[in-house]
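The lines below spell out each chain.
There are 2 protein chains.
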Amino acid sequence: MEAFQAALETVKKGIDPREIEAIYVGNLSSDCFEGQAHIAPIMAEWAGLNPRPATRTEDACASSGVALREGIIAVASGLYDIVLVSGVESMNKLTTARVTDTLAAAADAIYEVSVGATFPSLYAQIATAHMGKYGTTEEQLMKVTIKNHDNGALNPKAHFNSSIRDIMNSRIARAKERGQPIPSWTNEMEFLKDPSANPIVAWPMKLYDCSPITDGAACAILVAEEIARNFTDEPIHVIGTGQASDAQALHGRKDITSLTASRLATEQAYEMAGVTPKDIQLAEVHDCFTIAEVVATEDLGFFKPGEGPKAAEEGRTARDGEKPINTSGGLKSKGHPVGATGVGQLVEVWEQMNGHAGQRQVAGVNLALTHNVGASGSTVVVHIFERR
Amino acid sequence: MEAFQAALETVKKGIDPREIEAIYVGNLSSDCFEGQAHIAPIMAEWAGLNPRPATRTEDACASSGVALREGIIAVASGLYDIVLVSGVESMNKLTTARVTDTLAAAADAIYEVSVGATFPSLYAQIATAHMGKYGTTEEQLMKVTIKNHDNGALNPKAHFNSSIRDIMNSRIARAKERGQPIPSWTNEMEFLKDPSANPIVAWPMKLYDCSPITDGAACAILVAEEIARNFTDEPIHVIGTGQASDAQALHGRKDITSLTASRLATEQAYEMAGVTPKDIQLAEVHDCFTIAEVVATEDLGFFKPGEGPKAAEEGRTARDGEKPINTSGGLKSKGHPVGATGVGQLVEVWEQMNGHAGQRQVAGVNLALTHNVGASGSTVVVHIFERR
Numbered sequence: 001m002e003a004f005q006a007a008l009e010t011v012k013k014g015i016d017p018r019e020i021e022a023i024y025v026g027n028l029s030s031d032c033f034e035g036q037a038h039i040a041p042i043m044a045e046w047a048g049l050n051p052r053p054a055t056r057t058e059d060a061c062a063s064s065g066v067a068l069r070e071g072i073i074a075v076a077s078g079l080y081d082i083v084l085v086s087g088v089e090s091m092n093k094l095t096t097a098r099v100t101d102t103l104a105a106a107a108d109a110i111y112e113v114s115v116g117a118t119f120p121s122l123y124a125q126i127a128t129a130h131m132g133k134y135g136t137t138e139e140q141l142m143k144v145t146i147k148n149h150d151n152g153a154l155n156p157k158a159h160f161n162s163s164i165r166d167i168m169n170s171r172i173a174r175a176k177e178r179g180q181p182i183p184s185w186t187n188e189m190e191f192l193k194d195p196s197a198n199p200i201v202a203w204p205m206k207l208y209d210c211s212p213i214t215d216g217a218a219c220a221i222l223v224a225e226e227i228a229r230n231f232t233d234e235p236i237h238v239i240g241t242g243q244a245s246d247a248q249a250l251h252g253r254k255d256i257t258s259l260t261a262s263r264l265a266t267e268q269a270y271e272m273a274g275v276t277p278k279d280i281q282l283a284e285v286h287d288c289f290t291i292a293e294v295v296a297t298e299d300l301g302f303f304k305p306g307e308g309p310k311a312a313e314e315g316r317t318a319r320d321g322e323k324p325i326n327t328s329g330g331l332k333s334k335g336h337p338v339g340a341t342g343v344g345q346l347v348e349v350w351e352q353m354n355g356h357a358g359q360r361q362v363a364g365v366n367l368a369l370t371h372n373v374g375a376s377g378s379t380v381v382v383h384i385f386e387r388r
Numbered sequence: 001m002e003a004f005q006a007a008l009e010t011v012k013k014g015i016d017p018r019e020i021e022a023i024y025v026g027n028l029s030s031d032c033f034e035g036q037a038h039i040a041p042i043m044a045e046w047a048g049l050n051p052r053p054a055t056r057t058e059d060a061c062a063s064s065g066v067a068l069r070e071g072i073i074a075v076a077s078g079l080y081d082i083v084l085v086s087g088v089e090s091m092n093k094l095t096t097a098r099v100t101d102t103l104a105a106a107a108d109a110i111y112e113v114s115v116g117a118t119f120p121s122l123y124a125q126i127a128t129a130h131m132g133k134y135g136t137t138e139e140q141l142m143k144v145t146i147k148n149h150d151n152g153a154l155n156p157k158a159h160f161n162s163s164i165r166d167i168m169n170s171r172i173a174r175a176k177e178r179g180q181p182i183p184s185w186t187n188e189m190e191f192l193k194d195p196s197a198n199p200i201v202a203w204p205m206k207l208y209d210c211s212p213i214t215d216g217a218a219c220a221i222l223v224a225e226e227i228a229r230n231f232t233d234e235p236i237h238v239i240g241t242g243q244a245s246d247a248q249a250l251h252g253r254k255d256i257t258s259l260t261a262s263r264l265a266t267e268q269a270y271e272m273a274g275v276t277p278k279d280i281q282l283a284e285v286h287d288c289f290t291i292a293e294v295v296a297t298e299d300l301g302f303f304k305p306g307e308g309p310k311a312a313e314e315g316r317t318a319r320d321g322e323k324p325i326n327t328s329g330g331l332k333s334k335g336h337p338v339g340a341t342g343v344g345q346l347v348e349v350w351e352q353m354n355g356h357a358g359q360r361q362v363a364g365v366n367l368a369l370t371h372n373v374g375a376s377g378s379t380v381v382v383h384i385f386e387r388r
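Going down the list, the protein sequences come from chains A and B.
With our numbering applied, the first sequence corresponds to residues 1 to 388, in that order.
With our numbering applied, the second sequence corresponds to residues 1 to 388, in that order.
Since the hints were made in silico from the structure, they are not lab data.
This structure is a prediction, so every number in the text was calculated from the model and none was measured.
Treat the hints with caution; some may be incorrect.
Restricting the straight-line Cα-Cα distance to at most 20 Å, the calculated cross-link-like pairs of lysine to any residue (SDA-like) are [said to hold, decoys possible]:
| # | chain 1 | residue 1 | chain 2 | residue 2 |
| --- | --- | --- | --- | --- |
| 1 | B | Lys-93 | A | Val-113 |
| 2 | A | Lys-93 | B | Tyr-111 |
| 3 | B | Lys-254 | A | Glu-45 |
| 4 | A | Lys-93 | B | Val-113 |
Using the sequences provided together with the hints, build the complete structure.
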């Protein structure tokens with residue numbers, strides 16, 4: 001409801017919620033996390049949108065990227081002109097162990113989870129494959145962490161609203177206060193390389209390579225192009241959408257240094273939009289783990305295969321780089337309320353395109369992309385937006 | 001996969017599965033029931049449909065009615081010409097108690113489940129309200145059970161492939177075999193009125209008023225109208241679709257002797273189709289409980305409010321009646337694999353319209369309706385089909 005109210009408030013010319021004709025909500029597992037299935041009509045009820053059709057979509061962590069796509073398809077069909085697309089997840093009622101298990105159900109239960117795999121270990125395998133093939137280093141991935149926390153520190157809605165330097169300094173200050181041994185870190189890299197600060201979860205994925213367990217929600221209002229300016233002077237246009245599937249288990253794929261579904265969904269979206277990777281000025285990509293971000297920047301065609309980590313290391317994906325990635329802070333720092341992530345990416349793109357991104361604002365963004373991954377890449381959905 | 005193969009086999013002119021452009025799968029809770037979320041890409045993988053977009057929809061027991069609707073919308077949008085819509089549920093790995101709890105999560109967790117409500121008790125409240133307002137009797141509801149088992153006995157795919165008379169006679173035969181006291185039942189009503197045969201679950205809902213816990217799946221292939229005859233001489237046309245939402249908890253509704261969402265979804269579908277209730281020659285309605293069937297036949301406009309039970313009693317909804325309802329056996333006898341039910345209803349309609357319904361065939365069905373309910377009526381989705 002907070003996200004819905006926030007979405008309504010962005011509609012500067014006003015919108016009567018009763019004008020909304022349908023609701024799509026992405027959610028991974030409210031039944032397992034909260035004992036409440038069938039949340040779509042509850043959302044309609046609480047938002048005062050009954051009796052409008054309300055449908056939940058689920059494709060693991062891509063659930064609301066898919067809700068967005070279904071909303072787009074529905075408007076394109078002509079059945080509706082105004083659709084609410086949204087995502088929500090609340091996980092923190094459960095213990096971390098139970099959340100990890102519940103999330104793992106989105107991997108392959110038969111071949112992966114049954115032998116102990118959880119998502120950190122699956123992305124660790126992607127990371128080691130990438131290291132083996134391209135020489136990717138742990139330090140390069142740490143640069144992704146530092147960048148995303150730098151961005152998240154400027155995002156008031158971020159889960160971890162602090163830079164790694166801030167976190168480091170507050171740890172040092174706390175040690176001093178408590179009369180404990182003062183850590184010797186002098187920069188972020190030293191902090192991240194210290195196993196006492198950044199312990200291994202599933203090597204080479206350490207604590208700060210992993211996105212957190214976040215509660216959150218996001219909403220966006222889609223309207224038919226021809227009526228958009230009745231509601232706002234700040235519309236952005238959906239110009240491309242793509243979605244693809246792949247083998248659920250990593251062993252079913254030829255190569256795990258790239259997500260085939262990412263490449264295919266991206267191709268569809270670029271083709272529909274009539275743009276190329278070079279044209280994209282900003283992207284929110286699915287950095288559930290640091291390795292996922294660098295692989296995504298390769299699969300999206302921003303950098304050649306194997307060059308994503310180097311690009312991150314050189315600052316080319318920073319806010320002031322040639323290809324700003326995850327200015328919101330990304331899943332790592334903004335947080336990863338799994339079912340909400342896809343629409344949350346759209347919110348960042350909309351804010352950036354309309355100059356509402358505050359201290360993390362990138363100037364002149366007129367073409368941007370969102371990239372939302374389900375599980376370890378068995379679903380990927382990509383959207384391209386234009387401000388005209 | 002069995003349902004998918006069965007669907008392919010109905011395409012008499014042949015279809016290459018690779019022509020299928022997207023997959024929608026309705027499912028209530030594979031994560032809670034089976035520890036496997038994110039089943040849409042698994043279905044794509046197992047069916048050899050990767051990398052096609054694969055999306056799960058969830059609206060409780062209306063999950064695949066909604067998958068069907070999303071498939072229709074997607075074809076209408078022009079994005080796809082050929083879409084697989086499906087539903088699946090596998091519940092029997094859990095104990096009955098755990099299945100009942102997991103299903104109950106689709107009711108209102110805060111107001112209903114927290115105080116002990118499960119679906120039998122919620123529909124019992126609808127039944128007592130209907131009894132109070134209209135004088136509906138337990139005997140009238142038993143007629144629904146008898147009719148649906150009579151139909152299911154003729155459906156080789158039914159979960160309970162036996163008439164109530166067959167069940168009664170086999171109990172008598174078993175008692176004789178075992179030298180136990182011989183029950184004195186001489187007809188189905190006596191059997192159903194005997195608490196030892198038909199115990200109360202939540203009065204007035206007895207065992208034989210409730211649909212069973214069923215594992216099952218259903219698939220259908222939607223194609224754009226202009227290419228349908230490239231694949232089959234037996235297409236049926238979707239001419240109406242409607243979906244509506246209502247308060248999740250019963251207390252949030254003004255009247256529980258009718259489902260408002262049913263009436264609204266039905267109105268939308270009739271309006272789109274340009275037909276009236278009188279025109280419908282056969283309907284599959286959501287009889288998760290016997291009371292749900294008679295309420296549905298009222299909400300769909302087949303009978304006046306309060307007259308559904310009398311119509312059932314008089315045989316007007318039997319296969320040879322004026323308005324055959326649930327010729328498949330319905331959820332009561334065919335079974336209720338919750339996420340699969342919506343598309344399963346379409347399968348029955350397709351078979352009836354094309355003369356493939358075997359012993360339960362109704363002659364000359366050219367206009368039929370499916371009615372799929374989520375939870376106690378917070379989602380309802382209705383479709384109308386025509387054979388030309």
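Now for the hints, and whether the structure bears them out:
Restraint check: the Cα-Cα separation between B:Lys-93 and A:Val-113 comes to about 17 Å, which is no more than 20 Å; the hinted pair holds. For a cut-off of 20 Å, the pair hint linking A:Lys-93 to B:Tyr-111 stands: about 18 Å separates their Cα positions. Straight-line distance between C-alpha atoms of B:Lys-254 and A:Glu-45 comes to about 14 Å, which keeps the hinted pair within the 20 Å bound. Of the pairs offered as hints, the one joining A:Lys-93 and B:Val-113 holds, with about 17 Å between alpha carbons and a cut-off of 20 Å not exceeded.
Taken one by one, the earlier hints all hold for this structure without exception.
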